[in-house]
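Below are the chains, spelled out letter by letter.
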Amino acid sequence: MISAPDVVAFTREEELEDELCSEPPLPEEYSVPLLPFASHGANPWAKVASSKFTRDFILISEFSEQVGPQPLLTIPDDAKVSGTFDLNYFSLRIMSVDYQASFVGHPPGSAYPKLNFVEDSKVVLGDSKEGAFAYVHHLTLYDLEARGFVRPFCMAYISADEHKIMQQFQELSAEFSKASECLKTGNRKAFANELEKKLKDLDYTRTVLHNETEIQKKANDKGYYTTQAIEKANELASVEKSIIEHQDLLKQIRSYPYRKLKESDFHPYEPECALDPANAGCDQDLATSDLAEPGETHLYAHVPSYTPKLIKAKSAKCFDKKLKTLEELCDIYFFSQTLDQLHQIERTFRGDVCYLLTDQISRALLKQQSVTNFLFEDVSFLDEKPPEKRYRGCQGLSQDAIDGKCSEESPAPKVVISLGSYKSSVECVPIKMEQEIEDSQEPKMTDSVTFEHQENLDYLDADIKGSISSGESIEVLGTEKSASGLTKSESQASLPVSPSPQAGRSKVGSRRTVSEDSIEVLSTCPSESLIPEDFKASYPSAINEEPYVDDEEGGLRFTPKLNPDNADEQEDVSKRENLVQVDSACCIGKESPNFLEPVPDLGQKPCDEDGVVRIPPQPYRPAEQGLRGSFGGFPSHDGVSGGLLPYELDSRYLTGNREVSKSSLDECSDSTSYISSAASTCSDRTPSPAHPACLASERHKKKAGQNALRFIRQYPFAHPAIYSLLSGRTLIVLGEEEAIVKKLVTALSIFVPNCGVYAKPVKHWVTSPLHVVDFQKWKLIGLQRMVSPAGVNVLHALSRYSRYVSILDADSKTLRCPLYKGTLVSRLADHRTQIKRGSTYYLHVQSILTQLCSKAFLFTFCHHLHLPISEREPEESVVNRRMNFLKLQLGLANEDIKIVQYLAELLKLQYIQEPGQGVNPLLRFDYVPSFLYKI
Amino acid sequence: MLRWLIGGGREPQGLAEKSSVQTIGEEQIQNPYTELLVLKGHQDIVRFLVQIDDCRFASAGDDGIIFLWNAQTGEKLFELHGHTHKITAIAPFSSSDASEEKKHLILTASADRTVIVWDCSSGRQVQKVSCFHSTVKCLTVLQRLDVWLSGGSDLCVWNRKLDLLCKTSHLTDAGISALVELPKNCVAAAVGKELNLTFVTGSHVGELIVWDALDWTKQASECNFWDSSVHPDAQPEIKLSQSPNETSVQHLTFDEECVFAAVGKGIYVYNLQMKRVIACQRTAHDSSVLHIEKVPNRQLISCSEDGSVRIWELREKQQLPAEPVPTGFFNMWGFGRANKQANQAAKKMQENTPMYFLELVGDLIGHSSAVQMFLYFGELGLATCSADHLIILWKDGERESRLRSLTLFQKLAQNGDLQLKF
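Chains as they are written, first to last, in my numbering: chain L, 178 to 1112; chain V, 2 to 423.
In short, the hints are calculated from the structure, not lab data.
Owing to the predicted nature of the structure, the values given are computational and were not obtained by experimental measurement.
Glycine residues also receive a C-beta, built at the ideal position from the N, C-alpha and C atoms.
Among these hints, one or two may not hold up.
In silico contact screen, one side only, chain L against chain V (beta carbon under 8 Å); selected entries [unchecked claim]:
#1 R527
#2 Y978
#3 H1043
#4 I1046
#5 S1047
#6 P1051
#7 E1082
#8 L1086
#9 I1089
#10 R1101
#11 D1103
#12 Y1104
#13 V1105
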């Protein structure tokens, strides 16, 4: 929502500081990292000039035992991408920082060669001269003909933007781990096949040799052996030995999955979906996993008909023959899977880091609104996997790290984030201005904010602060021990956008480093050739765990604020049955005036003694699909009781475990942000699953936004039309030309609330007469007007059901629908809006709709608004209370109430829906007169 | 509306003005039904709806399938297959045994000349009777006697165990098309014969009155039927002067003081005490009224071939008699022999008794074809069935919304989310 292209990049903060003073600060998760070169007057959107390639790409290189480091392929496979960038040189550089423990061969004291199952290593590497920064993922593949049976490879994500690499390290690492695991699985399979073939060859050779020896023995009865016979015997012996060796190797490679499975941190490559048996409907993926799992065990045994051939006992020297290509090294199925995944990664991470970050943040936040997000969000986004699965596929976590995570994760992320001011329109994007100093534990609140809409200025938001200790400088590692330095660079990876998702990520990241991964940042500066001793993989953790951030700086914190006195008071209030009092007690703490001011520095004072009760009478569902809704930040209209206050819920209060609560929020937000990027790649079979809707819908959104903007400017009666859609009255776009109608439908579709988690209730083009069932199913319909008898039928049906529909006639430019006198839609669709771009307008709409959702959420889940407090309470007083709440607390006027009521009905239906059953489609309507609007 | 759509810009409501049928605008304050649920399942005309208990009902129609529905949720409970032809009659038959649990059965008769007894709680076929010579056109259950009657070309009486108790002789070649239970262990049977629809009222003791429905003259009335005129369900005689083809009594219903008759397109209210029509709506619908029912609050619901359901309220007129009962259309409602006296008496009374009229308070438009029947479920709403294969449940939106809130908070409590956790 924030990454609107219309937003002006902020590079200076001084000019706007004054304006800010009077404003409550914006939550930090909305802030965008400040351009580091701002002081030099650089254009923040400009590409980094020094790089020789045009866009990010993935490079796969090999350290060939014959020719040394060489690039194998790039993704995308396009010469233009790498441009003049020297791939050979860069391959050399990335292959020279391989810290895998690749000791293979005859270990001392062992008779046979041992395969070494090494973990991948992950390295961040920078080359400022080339303007290239890379995430490098090293892995080892087995090759029977290679020296020591291993071939070192690496996959690198190369970008000109070092921030991207640093900030997305976690995601990149996870994604590449998955791809690597896929490749390695395929390789093991191919290797085992290779071994079996070799064994057959050897077996055959042995038989032949044996026969020959026998023949010789018989032919020669002199009682002594000829040299020829001795030679044969020796050869036979070496073949025998070779057989044993190879059998041993085969045993080793076959035992790999079992051996690794015993270590709990091993997750064999398999699609994420399959890990969750409850996750039905993933037959495809299940099939994949079936292939993958038994494939390891059974498929090895199954060897296609292979005619063994006579081979020399001593294999040829390496340099004599051509080495296998990467493709030959890996089972073809898994190879193509890997390539798909890599393409996926490339697609996921392309673009400016700011887009990635804001996208991740908004996804993470949206994820938490599990109750309301189905209304206006992309269907595809909601289909993504639950966050529990995120550690799957992450390799090489040490045991205790896993344990720690499990214990933290087990109560499931269940924290209510105060999402405050969701309402800010795109123009109000706060951009964090501070260049924070490394040691400033307490960030100053000097965020520069600009507002264009005065009515949006009501941020009643808890200021969320996280521990931020970041700077711009990339850490340069010398020969020093890496531990301390890396902690910094790691925390720096959490970048200035600290709080919710990011803060979490940094923590997880640092914990991850306990594993055998070595994470480092190298510069190309003079010391480049130095490879510290302690980077050897035998040193399991290159980085010390970042000390636990203590309470004072513990990221996003929620204070309990449950004050017993006030709780009592609340009860009293509810007993009194005083209408007004009940109103406020219902959802709002009592000292309303307080709420007009932002609660200062929540994070710093967890036990704020201002005595404000912020525990609503109906708390929220902490379970997994719980009500992690968004609260707070409602506009105060006419100063009535200051709107709603943000609910500050302590995470402890929800999880019931202090230890857990410390970081559960971080975990939660991290997981969500991780998932949002990771989930896209986990559906392996689909060729282009990269947020399938996301990429495709990006264009759609833009188009829809553009069309909607045009509609609003063109039609003076846009407001009642949009009101119809928002209040659940089916809008029919009637016209002769399909293109025009479809365009209008596309434009208006962004205002249609979803009725369930299924497709949008939009039908673009219908030619047959409509029926009451259609109004149940579709909320926006494009209808063909025909000048034929059939057309008359269509119109007859329409006039018959006119009470259920609003009709927009695209040909005569008229609209027939109920009157709208509310204020909400005018903010949503202002025909004088300054927004020019479709995508920006789309975001604007989304933000207002999200705000609307939170109102509906609040309305739906306030018990006393719908049900009597006591048995004796008459229904009228409940109705009164409800209307008071809608009008005064939510600040809704006239028809706006109906919008919220409709959304609330949808929320209720969605919530009470039993799993497995679809929502019973029902049609709600009002008997209200319609009016005819003309241009 | 239509003209506006076709003409593309002119003012709506052209057609409505021309029609003499009373219409109501889009603003219907008194209409409680603001939510609808479409129940799909049938593949042909749905003709019958019967209530099984407080929240269940069965539907049947020309596709020979019987569906059991939950009237609250619209959930399809059972799908009963057994008949090979269309269903011609359906009747609920619940056991009256106080000792055991109340068992709900339904009887269905079909054009395949069978009657099947179904168990509503299991959805299974209990028994099947297939010894009929002709299609059973109507079924009636006499709850007190624990017997049921089937009417086709002859009238049979069965007990619960499906033993044939008695059987009438072959009535006519037309057969019985309707049976009404009357007090004193009487039943009324309507015998239809082509266009010549006749009313037969009969009883166990053999009294029989035949009324010709076409001209409403008594054809045979040799009995002491009218001695029992205290009971409210006396079949009134209606004299019609208009062309008989256009009018026929489609449906009758009654309460303590009035009989409501759907005649042609109109609705008539006949007061038993005053012995005359107190209110009428000659063209209540665009097409024949198929079913009417009295609901509380002096309201009346009617459905019609024109696909609409209308809600009427019986209201007292302010001035006397603003709209006298039309004489051209039909003369009088009266009782058999006392016909003329009653007629005159009624005319006198007319001057000093308040007149009523039927006020249209709402209409329900959803079906695209004739609404065959409806079932009033009180608070739960209204179920309508239609020739467009659909059943629509009409509900009070306010109430449903409240119920959903209740469910929601119950679910919240169930999941233990309402407890404060520290």
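Each hint, compared with the structure:
{"no.": "1", "hint": "R527", "verdict": "violated, 41 Å"}
{"no.": "2", "hint": "Y978", "verdict": "holds, 7 Å"}
{"no.": "3", "hint": "H1043", "verdict": "holds, 3 Å"}
{"no.": "4", "hint": "I1046", "verdict": "violated, 12 Å"}
{"no.": "5", "hint": "S1047", "verdict": "violated, 15 Å"}
{"no.": "6", "hint": "P1051", "verdict": "violated, 13 Å"}
{"no.": "7", "hint": "E1082", "verdict": "holds, 6 Å"}
{"no.": "8", "hint": "L1086", "verdict": "holds, 7 Å"}
{"no.": "9", "hint": "I1089", "verdict": "holds, 5 Å"}
{"no.": "10", "hint": "R1101", "verdict": "holds, 5 Å"}
{"no.": "11", "hint": "D1103", "verdict": "holds, 6 Å"}
{"no.": "12", "hint": "Y1104", "verdict": "holds, 4 Å"}
{"no.": "13", "hint": "V1105", "verdict": "holds, 6 Å"}
Going down the numbered hints, you'll see the structure goes against 1, 4, 5 and 6, while the others check out.
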